[in-house]
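Here are the chains, one letter per residue:
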Amino acid sequence: MDEAALIRFAQQGDLDAFNRLVLMYQDMAYNLAYRMLSDPAGAEDATQNAFLSAYRNLSSYRGGSFRAWVLRMVTNTCYDELRRQHRHPTTALEPMDDQDDEEIESPRWLADDSPSPEQELESTELNDAVQDCLNGLPDDFKAVIVMVDIEGLDYQEVSTVINKPLGTVKSRVARARMRLRECLQQYGELLPAEFRLQDEERV
Amino acid sequence: MKQQQLTNNDWQLLSEYLDGQISPRDKASLEKRLQTQVELREGLEELRQTRMILRSATKQRVPRNFTLTPNMVEKARPKPWLRFVPVLNFASAAAALALVVVMVYGLLPGAVPASAPAAPAATEAASLMAQEAAPAADASAEAPDIIMWGGGAYGLGGGGDMGGISPPPMMQAAPVIKDLNTPPEAAAPEMGILEAPPAAGQPAPENRIAQNPLEGSEPILGVVPPEEARAENQRQLAQQAVETAREAQPAERNWVVPAVVLGAVALAAALSSYILRRKAAV
Chain A
1 MDEAALIRFA
11 QQGDLDAFNR
21 LVLMYQDMAY
31 NLAYRMLSDP
41 AGAEDATQNA
51 FLSAYRNLSS
61 YRGGSFRAWV
71 LRMVTNTCYD
81 ELRRQHRHPT
91 TALEPMDDQD
101 DEEIESPRWL
111 ADDSPSPEQE
121 LESTELNDAV
131 QDCLNGLPDD
141 FKAVIVMVDI
151 EGLDYQEVST
161 VINKPLGTVK
171 SRVARARMRL
181 RECLQQYGEL
191 LPAEFRLQDE
201 ERV
Chain B
1 MKQQQLTNND
11 WQLLSEYLDG
21 QISPRDKASL
31 EKRLQTQVEL
41 REGLEELRQT
51 RMILRSATKQ
61 RVPRNFTLTP
71 NMVEKARPKP
81 WLRFVPVLNF
91 ASAAAALALV
101 VVMVYGLLPG
111 AVPASAPAAP
121 AATEAASLMA
131 QEAAPAADAS
141 AEAPDIIMWG
151 GGAYGLGGGG
161 DMGGISPPPM
171 MQAAPVIKDL
181 NTPPEAAAPE
191 MGILEAPPAA
201 GQPAPENRIA
211 QNPLEGSEPI
221 LGVVPPEEAR
231 AENQRQLAQQ
241 AVETAREAQP
251 AERNWVVPAV
261 VLGAVALAAA
271 LSSYILRRKA
281 AV
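So the sequences go chain by chain: A and B. What the first sequence shows, in my numbering, is residues 1 to 203, in sequence order. What the second sequence shows, in my numbering, is residues 1 to 282, in sequence order.
Same shape as in the complex, but just chain A (with noise of 0.2 Å):
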């Protein structure tokens, strides 16, 4: 049954054909929910609560990318979640750098203490030096370079994600990678050396 036939049926009621689409787009909406929250658990219930928001809306899905209809139900369930931490912060979750005193809201020491599986694998360096810097990151911006950079999506997919004009969509890109690209110069000799951003090697 393709997709089209599966959202028929689930938006007629049919939870079977829903939780199909379900297994379709998981992955990626928990995925961009984790990247947005840097949170495992709270990616969890985001993306739970995002899943149970698009079957009670099911019926204002009006054609179109379906797993933009789905990312948008993430995005703005994660967006949700980011204005409640921010009007309750938890200060463990959110030390100020010392440095900069910007704030992390993911620190590596915490993560450090209860290492996940992915966490032992070969880039683990690679992907907290990525979460740190997705971290230091606008929510607006961040949402965009995860769904183009990490989910690979193409910007008009993400226009219609994010309900903006492509324009916005290739600026935000342009901004998160500009503040990306300094950021990761911060981690140079932790990152593999194929993707170290030293003057010295590209020259």
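These are computed hints drawn from the structure, not numbers from a lab. Just so you know, nobody snuck in bad clues.
Some chain A residues close to chain B (C-beta under 8 Å, calculated; not the full set):
no. : residue
1   : Leu-23
2   : Gln-26
3   : Asn-31
4   : Tyr-34
5   : Thr-47
6   : Tyr-55
7   : Asn-127
8   : Val-130
9   : Tyr-155
10  : Ser-171
11  : Ala-174
12  : Arg-177
13  : Met-178
14  : Arg-181
In this text, all values refer to a predicted model and were calculated from it rather than measured experimentally. The C-beta atom is built at its ideal place from N, Cα and C for all residues, glycine as well.
Once you have looked at the hints, place chain B on chain A.
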């Protein structure tokens, strides 16, 4: 760091170029600059590496499936009364709006005495109706004019409109009457400006008309004796005044009812807003 010479616009062009999202015109000019400007090439390379790092970030495995169970869906289905919650979330705004409407309504100059501006209009309309209802009365008031006009046709130059129509004998015979209120039948003798003295024991106007077939001007001119016309007008005006007064009362009641309703709505809205806020706080 030569890249710092690049402007934000340069970085955006480079980023778009990297993703193949640049417009053909910008692409041509950027490629030309890339050939000559080292810092642009370095910037492009750094963006390319940044993108590569991001793309290399490990995908997280989902900790579990996020499929929905019937139980979850059932819980998620909003209770019927909760459907109004989004509306009630705006209850405080609705309450404020209702209050403003009530106050503005009360303060408007024409609002409270709603009948005030309407009364003259009503009177006007009533007088028009009275004129329509009693054409005879009007005719009687203008009867002398007609007689004058008849006289004019007789040689004063006012009868041009008459064309070749000769005035009826009655008109020819009618003397010039200056007093507008003078009943035609009383004008037979030249009365000057004096009102025709109603002789004691004079018969009722109708009877007089009947008694004076010569004064057949009534059917032609639609003349009704002025006393009768005045009485009719007075009666009409009095009736109109009564009606106006009657209308004024419902108008005041009409302003009170919406005020009370809006006030009740405002109160209910404020209460629901308060309750919802308390629930949300919990």
